[in-house]
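J.: Which chain is which? The protein sequence lines are A and B, in order.
Under the working numbering, think of the first position of the first sequence as 1, with each following residue one higher.
Under the working numbering, think of the first position of the second sequence as 1, with each following residue one higher.
Hints listed in this document are in silico derivations from the structure and should not be mistaken for laboratory results.
Small disclaimer: the values here were computed from a predicted structure and weren't measured.
There's no promise every hint is true.
Taking lysine to any residue and the SDA-like style, the derived pairs with C-alpha atoms no more than 25 Å apart in a straight line are [to be verified]:
#1 A:K38 <-> B:G75
#2 A:K23 <-> B:L258
#3 B:K120 <-> B:L193
#4 A:K39 <-> B:M67
#5 B:K169 <-> B:F183
Here are the simulated distance ranges between beta carbons [as the list claims (entries may be wrong)]:
#6 B:E177 <-> A:P27: 29 to 35 Å
#7 A:W19 <-> B:G172: 47 to 53 Å
#8 B:F86 <-> A:K23: 37 to 43 Å
#9 A:K38 <-> B:E177: 37 to 43 Å
#10 B:S206 <-> A:W19: 32 to 38 Å
Ideal placement from N, C-alpha and C gives every residue a C-beta, glycine not left out.
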Amino acid sequence: MAINLTLLGQLIAFAIFTWFCMKFVWPPITAAMDARQKKIAEGLDAAGRAERDLKLAQEKAADMLRETKQSAAEIIEKANKTANEIVEEAKQQARAEGERLLAGAKAEIDLEVNRVKDDLRKQVSVLAIAGAEKILGSAVDAKAHNDLVEQLATEL
Amino acid sequence: MANSNAEYIQHHLQNLTYGKIDGVWRFAQTAEETQQMGFWAIHVDTMAMSLLMGFVFLYLFRRVAKMANSGVPTGLQGFVEVVVEFVQNMVRDTFYGRNPLIAPLALTIFTWILLMNSLKWIPVDVIPGIADALGVPAFKYVPTADPNATFGMSIGVFLLIIFYSIKVKGFGGFSKELAFTPFNHWSLIPFNLFLEILGLLTKPFSLALRLFGNMYAGEVVFILIALLPFWVQWTLYGPWAIFHILVIPLQAFIFMVLSIVYLSAAHESH
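Bound-form chain A, shown alone (with noise of 0.2 Å):
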C-alpha cells in the first residue's frame, strides 16, 4: 500500500491516454454525432415541410375537384337544355313538315276533285246531248248548240 513509483507511471498512462483519446476519440465522435444530430434536424424539418406541402397540394386537388364537378354538373344542364331544344325544333319542324304535306295533299285533292268534277260533267254533257239527240232524234249539231252544251255543263 506504499506510494511508489507506480504513482509516476500511472500519471504518464493517464496524461498519455488523455491525449489520445482528446487527438483520436473525442473528434471523430463528436463530429458524427454532431452531423447526425444535422442531419435528424433537417430530416424532421423536411418532413414537416412535406406534411404541409401535402395538405397544401391536398386543398388544391379538393378545390379542383369542386370545381370540376361544378362545371361538369352545369356542361351537362346545358346539354339538357340544348337536347330539349334541338327536340322541341325537331318536333316543330315535324309539325310544320306535316301540315306543309297534308296542305299539299288537300291541295292535289281538290284539283282532282275539279278534274273528276270537269270529267263528269263532260260526260254528263255528252250524256245529255246523246239524250237530247235520241228524244229529239236528229243529231244535235254540237257546234250549234255548243253554247247550251256549255251552259250545261257549268250548270251540272
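For this one, chain A is given, so just place chain B on it according to the hints.
T.: Here is chain B on its own, set in the frame of chain A:
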C-alpha cells in the same frame, strides 16, 4: 493458499512489487520485502491491469471513432455514443469555459475508472489463484484499490488545475487569488494563504482517497466474505456484488464530475 485468515487477507491485499532489494532488482516475495523496497519500486499488477483497461477503453472507442458516421448507429457505436453524450452533457452543464481538453479528459477519467473498478466483480480468488499456480507471489488486480493509481490520476488533475489557473489568471492573478480570498485585507494574507493552499491541496487528496477508500473497503469486504464457509458465501457475496453495480459507476462518476468542477473553478477569475 495461506494458512491463517490473517495471512489470507494480507496476501490478497499485497501488490506484486518489482524493486531493488539488497542491490538486486527482483519481485518482492513477502510484505516485508515490499516495505524494504521503499519508493523505488513498482506495482506490476496495478500497472498491468490499469494499462490493460486503458487499452481496452482506447481500443473500443478508437474503433468506433474510426468507423463513426452520421448514419444509424449500430451495436458498439450506439453504446460508445451513449457514454460520450453522457460525458458531453455533464461537461456542458458544469464547465462554462472553452477548453477542448476538458471533455476528453472527463471521458478518459470516467471510462478508465469504470473499467478498472469493474475488475472488482471478478471473484477475489480467481486471479490470485491463477497467479499462485504460476508461481507469482501476489496479484492485486483492482488498480483503483491501490492509492498509487488514484493519486496518479488526481495529481494529474491537480497539475492541470495549477496549469490552467496560471494560464487563465496569470501568475500574479493566481497568487492574488490565493492571498486575498476569502478575506480581502493585507493583514490577513498569511491566513488566506494557509486556507487557500490547504483548500487547493485538499482537492487531489479528496479525489484520490475517496476512490481508493471505496474500492479498498469493498475489496476487504469481498475478501472477508470469501473467508466464510462456502455454503453461506452466496448470501452475502450476491448482495455485495449487486451493491457494487451502484458503487462502481458512482465512484467513476464522482471522480469525473469533481475533476470537471475543479477545472471549471480554475478557469474562473474573480
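J.: Determine for every hint whether it applies to the structure shown.
T.: Okay, the hints, checked on the actual structure:
1. A:K38 <-> B:G75: holds (21 Å)
2. A:K23 <-> B:L258: holds (23 Å)
3. B:K120 <-> B:L193: violated (41 Å)
4. A:K39 <-> B:M67: Measuring from Cα to Cα gives roughly 18 Å; hence the hint holds.
5. B:K169 <-> B:F183: holds (19 Å)
6. B:E177 <-> A:P27: 29 to 35 Å: holds (33 Å)
7. A:W19 <-> B:G172: 47 to 53 Å: violated (29 Å)
8. B:F86 <-> A:K23: 37 to 43 Å: violated (21 Å)
9. A:K38 <-> B:E177: 37 to 43 Å: The hinted range 37 to 43 Å holds for A:K38 and B:E177, with Cβ atoms some 41 Å apart.
10. B:S206 <-> A:W19: 32 to 38 Å: violated (25 Å)
The earlier numbered hints that this structure contradicts are 3, 7, 8 and 10.
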